Amino acid sequence: MAGRTLYDKIYDAHLVAAPEGESALLYIDLHLVHEVTSPQAFDGLRLNHRTVRRPDRTLATADHNVPTDPLDVPVADPISRRQLEALDENCAEFGITLFPRGHENQGIVHVIGPELGVSQPGMTIVCGDSHTSTHGAFGALAFGIGTSEVEHVLATQTLPQSRAKTMAVTVEGSLPEGVGAKDVVLAIVGRLGTGGGAGYVIEYRGPVIESLSMEGRMTVCNMSIEAGARAGLVAPDETTFAYLRGRPGVPSGEEFDRLVDTWRELRTDPDATFDREVVIEGSALVPYMTWGTNPAHVVPVTGVVPSPDQFEDPTERANAERALDYMGLSAGVPLSDVPVDVVFIGSCTNSRIEDLRSAARVAARGRVAENVRALVVPGSHRVKKQAEAEGLDVIFKDAGFEWREPGCSMCLGMNPDQLTPGQRSASTSNRNFEGRQGRGGRTHLVSPEVAAATALVGRFATPSSLEEGR
Amino acid sequence: MNPVHIVEGRAVPLGRSDVDTDQIIPSEWLKRVERTGFGRGLFSEWRDDPDFVLNQPDYQGAVILLAGPRFGTGSSREHAVWALMDYGFSAVIAPTFGDIFRNNSSKQGLVIVQLPPDDVNYLDNLVRETPSTVIVVDVERRVVEVPATGWSRDFPLDSTLRERLLNGWDDIGLTLRHVEDIASYETSRARFTLDGVFDPRGRARSEA
Ligand code: SF4
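Line by line, the protein sequences are chains A and B. First residue of the first sequence? That's 1 in the working numbering, and the numbers climb one at a time after it. First residue of the second sequence? That's 1 in the working numbering, and the numbers climb one at a time after it.
Everything labelled a hint here was simulated from the structure, so no lab data went into it. Nothing here was measured: the structure is a model prediction, and the numbers come from that model. Even glycine gets a Cβ: it sits at the ideal position worked out from N, Cα and C. Be aware that a few hints might be false.
Label pairs and their calculated CB-CB ranges [as the list claims (entries may be wrong)]: (1) B/G88 to A/D77: 26 to 32 Å; (2) B/W151 to A/K165: 28 to 34 Å; (3) B/P50 to A/K385: 47 to 53 Å; (4) A/E255 to B/D199: 19 to 25 Å; (5) A/H49 to B/D51: 47 to 53 Å; (6) B/N125 to A/K397: 54 to 60 Å; (7) A/E177 to B/E207: 33 to 39 Å; (8) A/E85 to B/E207: 25 to 31 Å; (9) B/R203 to A/S211: 33 to 39 Å; (10) A/P270 to B/D48: 42 to 48 Å; (11) A/G366 to B/R203: 35 to 41 Å; (12) B/P116 to A/E20: 28 to 34 Å.
Facing chain A, from chain B, some residues (calculated, C-beta under 8 Å) [to be verified]: (13) E28; (14) E45; (15) V134; (16) R203; (17) A204.
Just so you have them, the derived chain A footprint on chain B, three or more residues with Cβ under 8 Å [as the list claims (entries may be wrong)]: (18) 7-21; (19) 30-44; (20) 64-76; (21) 102-113; (22) 171-183; (23) 186-200.
Here chain A stands alone, though its shape is the one from the complex:
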């Protein structure tokens, strides 16, 4: 038998049935639920007199809608409040563990799954959210689904799922000083384009990926969807096992060791082949940011706004022209000359403890520029607590950053944290779509370090440019 990729191994291990002429049915180990994409699914269950098949494989949290104000401030928006209440009611009715606003385990769904240790190697994990790909950092097959599929998984704990194509993205060499996981994934998305990964599950490999922490691997897998891929994967290794050991969702002692032995099998066989292979040289990477309105519009932070003429394809060119217009930028302008209004450090891409540590190291070197509002939104209460134990909150606050309660916040602007029309942000999130952070808002995606440096300078900046006094 020919060798199999990691993806194929997980897929095969979860096949429940492969009926003639129908899509294969895949078993789902863990279903994560949040308030936005679930109410209509629960309604569907009630309508059809169905129940949740496995509440013990379902976990819910409130994240997209929650305000990041102090917890004693009630949710002001009545429609948001109604949606949060609906989640409370649905979880109570169907017997699902829920972390509501203010709960010690509450946070962005893709932050809490890993930190609670419930996202584990070899699992299939779904959630009504496209950035479910984040959990692939553990060597799990994790992907986003729509509300009908949420209902399907609630009712059956399975999903019809045809086999995806496989892509290997290998990052060779090592990263230069000042370049991190966010830069790696921005480079990958820039290279593949927003449609380059369509139909594929990407396995990230090579020395750079292996050297990344779990937080870094999650950042990379998180943005797989930005290249159009359904999921991203990293084979589990000692870094993964060390991260998981002792977390609430995993067993302890020898039982954990036995589990680790099975996880070690989760690797692509040496003789397996991928449908597509992409190689990226790590040492050639620099700090990146986006200039336009899709996540593949990537340039170095020290670069200039590109010209639409650089795009050969007429569709891409038209898209670039519209993007420049929307972003209020002219070709050729150095990005270090472009002032920002808001800096957002948060989201399931970059709101984990390591992200906050990196940003705080930079924040400690100055004060937020006068023209800038800077927010730090930890990914979860656990992250917030840890950061406070390390004094990071004090560093941020002393430097003029706002220190908020956890949630998705300005990543998608469903809560009150939004850009106003024409405002420009440097954001550690994953999408720079038109209006994503608020109607008419202009989003530039950056790493936590670049976000912090930009907050201090008031214009796009790398930490290393701070030393040069710019």
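Got chain A; can you put chain B with the ligand on it based on the hints?
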């Protein structure tokens, strides 16, 4: 979902590439707990512009949307599909689509027609010149046609999905026919459980 055999009617030439789901339905609309009424939110940021194609009288009542490459990339929000259908669209024709959007469409019976860019351009030009042009998407024969010009193209449609569209089958109902397979998978191979991980108040027991 309702069975779909044929989608027939006029088309709107959106003429844009990379129309992500945030454009189709902005996030402020995602706070709702209902499944209906999203049509008003469709492309809502663009609809403020009186020149936007959806606002032009010629295209009112169209049932097909023509778009550029990578339509529906981005988030998993099925609300994008609900908004398109609630507005009145029954089919979208474009060169490529976001994966999750395509999947979500299949659950609701929104017909996804993937055609080469040149063919989409042909249709786009045609309906720009003559907005009253009728386009026919035939699910049964997997064909798109313009009866007025005799133009016709096959489009890819997987046979399982075709069957489901034609019959209006509910996916969950189909899956539940395999409930014994699911149960036997669960007893023999499925290991993970959250039982015992959290107490009734959601606190981690191992940290108590
Ligand atoms: S942080 Fe942003 S991308 Fe992540 S789950 Fe929340 S809204 Fe989605």
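We went through each hint and held it up to the structure:
1. One distance hint, 26 to 32 Å for the beta-carbon pair B/G88 and A/D77, holds here, with the actual separation near 29 Å.
2. The beta-carbon spacing between B/W151 and A/K165, approximately 32 Å, falls within the hinted interval of 28 to 34 Å.
3. In this structure the hint that B/P50 and A/K385 lie 47 to 53 Å apart at CB holds, the actual value being about 51 Å.
4. Range check, A/E255 to B/D199: Cβ separation about 20 Å, and the 19 to 25 Å hint holds.
5. Checked against the hint of 47 to 53 Å, the C-beta distance between A/H49 and B/D51 comes to roughly 49 Å, which is consistent with it.
6. Range check, B/N125 to A/K397: Cβ separation about 58 Å, and the 54 to 60 Å hint holds.
7. The supplied range of 33 to 39 Å is met by A/E177 and B/E207, whose beta-carbon atoms lie about 37 Å from each other.
8. Taking the beta carbon of each, A/E85 and B/E207 are about 28 Å apart, inside 25 to 31 Å as hinted.
9. About 35 Å separates the C-beta atoms of B/R203 and A/S211, a value consistent with the hinted range of 33 to 39 Å.
10. Take A/P270 and B/D48: their Cβ atoms lie about 57 Å apart, and the range 42 to 48 Å is violated.
11. For the hinted restraint 35 to 41 Å between A/G366 and B/R203, the CB-CB distance of approximately 40 Å keeps it satisfied.
12. Our hint of 28 to 34 Å for B/P116 and A/E20 holds, since their Cβ atoms are close to 31 Å apart.
13. Because the beta carbon of B/E28 sits about 7 Å from the nearest beta carbon in chain A, less than 8 Å, this interface hint is met.
14. With a least beta-carbon distance of about 5 Å to chain A, the hint placing B/E45 at the interface is held under the 8 Å criterion.
15. The beta carbon of B/V134 is not positioned within 8 Å of any beta carbon in chain A (closest approach about 26 Å), and the interface hint is therefore violated.
16. A hinted interface residue such as B/R203 counts as satisfied when its beta carbon comes closer than 8 Å to some beta carbon of chain A; here the least separation is about 7 Å, so the hint holds.
17. Of the supplied interface hints, the one on B/A204 holds, with its beta-carbon coming within about 3 Å of a beta-carbon of chain A, less than 8 Å.
18. Only residues whose beta carbon comes within less than 8 Å of a beta carbon in chain A count, and the segment 7-21 of chain B has 4; three or more means the coverage holds.
19. Residues of the segment 30-44 of chain B lying with their CB closer than 8 Å to a CB of chain A number 6, which satisfies the three-residue condition for coverage.
20. Counting residues of the segment 64-76 of chain B whose beta-carbon sits less than 8 Å from any beta-carbon of chain A gives 7, enough to reach three: the coverage restraint holds.
21. Coverage of the segment 102-113 of chain B by chain A holds. Counting CB-CB distances below 8 Å, 4 residues qualify, and the rule asks for three or more.
22. Residues of the segment 171-183 of chain B lying with their CB closer than 8 Å to a CB of chain A number 9, which satisfies the three-residue condition for coverage.
23. With a cut-off of 8 Å between beta carbons, the segment 186-200 of chain B has 9 residues touching chain A; three or more are needed, and the interface restraint holds.
Consistency note: the structure conflicts with the earlier hints numbered 10, 15.
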